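Residue numbers (our numbering), protein chains in the order written: chain A, 1 to 545; chain B, 1 to 74.
Keep in mind that the hints were calculated from the coordinates and are not lab data.
As the structure is a prediction and not an experimental result, all values here were calculated from the model.
Backbone N, C-alpha and C define an ideal beta-carbon position, used for all residues, glycine too.
A portion of the hints provided could be inaccurate.
[As the list claims (entries may be wrong)] Straight-line C-alpha distance at most 25 Å; calculated DSS-like pairs for lysine-lysine:
1. B:K56 <-> A:K245
2. B:K19 <-> A:K242
3. A:K242 <-> A:K209
4. B:K19 <-> A:K501
5. A:K170 <-> A:K400
6. A:K457 <-> A:K501
7. B:K58 <-> A:K124
[What the hints assert, rightly or not] Residues from chain A that face chain B, not an exhaustive set, calculated with beta carbons under 8 Å:
8. E106
9. L264
10. F265
[What the hints assert, rightly or not] Cβ pair distances, simulated, as ranges:
11. B:L2 <-> A:N3: 31 to 37 Å
12. B:K17 <-> A:R298: 42 to 48 Å
13. A:I381 <-> B:V74: 30 to 36 Å
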Amino acid sequence: MRNSPYPLYELPFIRDLKDMLAQKESQMPESVAFTYAKGHGHIEEKIYHAFFCEVNALGTWMHYQGIKGKHVAIIGENSYEWLLAFFAIINGGNVAVPIDKELPKEEVTFLLQKADVTAVFCSKAYRELVEDLEQFSVFSMSDMADYIEEGQQHIAHGNMAYVNYEIDRKRMCCIMFTSGTSGASKGVMLSHESIAEDINGSCRLFVLKGNTIALLPFHHAFGLVVGVFMVFHYGYTIYINKSLKNVQKGLQIAKPQTMFLVPLFVETFHRQIWESAKKDGRDKVLRRMMKFSDILLRIGIDIREKCFASVHKALGGELQYIISGGAGIGTQYIQEFRSWGVEILNGYGTTECSPCAAVNRNFYHKDGTVGLPVPNAKVKIAEDGEVLIQGSIVMLGYYKDAEATAEVLKDGWYATGDLGMLDEDGFLTLTGRKKNLIILSNGENVSPEELEADFLKDEAVQEVLVYEKEGMIVAEIYPRNDFPWNDIPWEGLQKGNCADKEEYFHNLQKQINRNRPLYKQIGKVLLRDTEFAKNTSKKIIRYQK
Amino acid sequence: MLEKVIDILSEFTMLGKDKMSEQSSLVIDLGLNSLDVINVVVAFEEEFNIEIPDQKIKDLATVGDIVSYLKTYV
Numbered sequence: 001m002r003n004s005p006y007p008l009y010e011l012p013f014i015r016d017l018k019d020m021l022a023q024k025e026s027q028m029p030e031s032v033a034f035t036y037a038k039g040h041g042h043i044e045e046k047i048y049h050a051f052f053c054e055v056n057a058l059g060t061w062m063h064y065q066g067i068k069g070k071h072v073a074i075i076g077e078n079s080y081e082w083l084l085a086f087f088a089i090i091n092g093g094n095v096a097v098p099i100d101k102e103l104p105k106e107e108v109t110f111l112l113q114k115a116d117v118t119a120v121f122c123s124k125a126y127r128e129l130v131e132d133l134e135q136f137s138v139f140s141m142s143d144m145a146d147y148i149e150e151g152q153q154h155i156a157h158g159n160m161a162y163v164n165y166e167i168d169r170k171r172m173c174c175i176m177f178t179s180g181t182s183g184a185s186k187g188v189m190l191s192h193e194s195i196a197e198d199i200n201g202s203c204r205l206f207v208l209k210g211n212t213i214a215l216l217p218f219h220h221a222f223g224l225v226v227g228v229f230m231v232f233h234y235g236y237t238i239y240i241n242k243s244l245k246n247v248q249k250g251l252q253i254a255k256p257q258t259m260f261l262v263p264l265f266v267e268t269f270h271r272q273i274w275e276s277a278k279k280d281g282r283d284k285v286l287r288r289m290m291k292f293s294d295i296l297l298r299i300g301i302d303i304r305e306k307c308f309a310s311v312h313k314a315l316g317g318e319l320q321y322i323i324s325g326g327a328g329i330g331t332q333y334i335q336e337f338r339s340w341g342v343e344i345l346n347g348y349g350t351t352e353c354s355p356c357a358a359v360n361r362n363f364y365h366k367d368g369t370v371g372l373p374v375p376n377a378k379v380k381i382a383e384d385g386e387v388l389i390q391g392s393i394v395m396l397g398y399y400k401d402a403e404a405t406a407e408v409l410k411d412g413w414y415a416t417g418d419l420g421m422l423d424e425d426g427f428l429t430l431t432g433r434k435k436n437l438i439i440l441s442n443g444e445n446v447s448p449e450e451l452e453a454d455f456l457k458d459e460a461v462q463e464v465l466v467y468e469k470e471g472m473i474v475a476e477i478y479p480r481n482d483f484p485w486n487d488i489p490w491e492g493l494q495k496g497n498c499a500d501k502e503e504y505f506h507n508l509q510k511q512i513n514r515n516r517p518l519y520k521q522i523g524k525v526l527l528r529d530t531e532f533a534k535n536t537s538k539k540i541i542r543y544q545k
Numbered sequence: 001m002l003e004k005v006i007d008i009l010s011e012f013t014m015l016g017k018d019k020m021s022e023q024s025s026l027v028i029d030l031g032l033n034s035l036d037v038i039n040v041v042v043a044f045e046e047e048f049n050i051e052i053p054d055q056k057i058k059d060l061a062t063v064g065d066i067v068s069y070l071k072t073y074v
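Generate coordinates for the entire structure from the input sequences, incorporating the hints supplied.
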């Protein structure tokens, strides 16, 4: 098929996720919705009907526990139970609050309090994050089978209150936290409508033709709404990969036709493919084959599946598409994967847009762009170049933060903080950031000010600027000149004196990195001899380097 | 144990063994990203026939942390 405009895909409209579940129950109850590893090599399958029944049973049980109209957090690794909890929470009038399991305990507590959470579903592995927190009712996801059984008995006795609960689609159903520590993290309020409309809209742009594997964490909107709900709406099977340690095994079991990834995965797969070719002495041959295959492809002969069988095998054997989002991806990756026969379709979104705002289409795409806006959202570019988005996919606001909400939501337009442009065909291209936010290749957003504040707590730091360079977080420091480097007793890390400034800041870097999720670690500290350039209000000019 | 750990890390990162010590940070000194760290963990699991729980991975910040973990559990 030529790379040119074509009609939008048609899928049944969904009102909300409860409606989506009911539609699947009536359309394809016996089809497999989820698979996952359970025990020694056993792959468990869950059909749509089972999921439908178990969500209703768990939800009914929740109502019996008095959990109605409450905010309920979910903490744990990706799992079937995690998804059950999410659906059961939101389909009965509660609000789901997914929490990043990698955060330190004090931050988890802070977020639970900030979101007014009263109950928590927690996996066994992350139980210690909520242990001793008496203000929350904690339910173990490993006991979910018991909760479901109890709920089923209530339904069998005729209690249909949860099952028949009617969703008000304008109401908030989920609070998703943006990345950031403590005060900086904002709770994005998504409604039933915004999530459903994002699924409706994205599915019209992109078509799925096979099974997928869920690799991105469910507490992220991209991993959950696009990576799971959109696939669910299409009616394909999702292999739930519990641990990133099992990606290779998961790929071989799931044999995905499409994967939803952040660039970090694409870059890592790319590197592994080349490293493996190099180890076997095939790298030059691979490069030549890619050139040869590209030439043939231009005249309509496609030999990619045969030529690059080893590449395909490493990715499960049936991969055709990667939807990449969360951060920008280099066109080099798009081109090389295309040479191997895998199309990377770049997309764009933010949690505030539930999250998908634009994506390249299967047969209509432009490298270097993030695709076409979803049909139920309007995208325009402000005078200063900022990308503005309006439509039913936009959030309700930030939870209990009217000031932050007012800053980004004006006259129904969401100001993304990204700079971009729309071309004559309507494709969106991102050109930079208006707000100070580091977007890492794993899709995580890191506020440089937060990290700078940590450095500034140290009396040896006069000025600091944190930025991203080549995928790494760099802290550039102007140290205090009169600081006694060789006379510092170190607490915690290393007692005794530091030989020089370099050693001191190396230790400081390690101290700041402690307890910080890997993606938020400072990769490099640079010391400078002169102060940073400043504007008239004596603020450091951030982008002058 | 330290030597064995450095052998594996050196093979994985293609960095010289002389560039690594017990104090080396996986992210800062060895330049690993978060997915690399997970792949390194898998390499240790296979080599020592153990299972390192996901929630413990973030505690493995330095070569020394890996050595201590393995000394405790192998």
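Hint by hint, here is what the structure shows:
1. B:K56 <-> A:K245: 12 Å, holds
2. B:K19 <-> A:K242: 34 Å, violated
3. A:K242 <-> A:K209: 23 Å, holds
4. B:K19 <-> A:K501: 21 Å, holds
5. A:K170 <-> A:K400: 17 Å, holds
6. A:K457 <-> A:K501: 17 Å, holds
7. B:K58 <-> A:K124: 17 Å, holds
8. E106: 15 Å, violated
9. L264: 6 Å, holds
10. F265: The hint holds - A:F265 has a Cβ within 8 Å of chain B, the shortest such distance being about 7 Å.
11. B:L2 <-> A:N3: 31 to 37 Å: Between B:L2 and A:N3, where Cβ atoms are some 54 Å apart, the hint is violated.
12. B:K17 <-> A:R298: 42 to 48 Å: Since the Cβ atoms of B:K17 and A:R298 sit about 47 Å apart, the hinted range of 42 to 48 Å holds.
13. A:I381 <-> B:V74: 30 to 36 Å: 57 Å, violated
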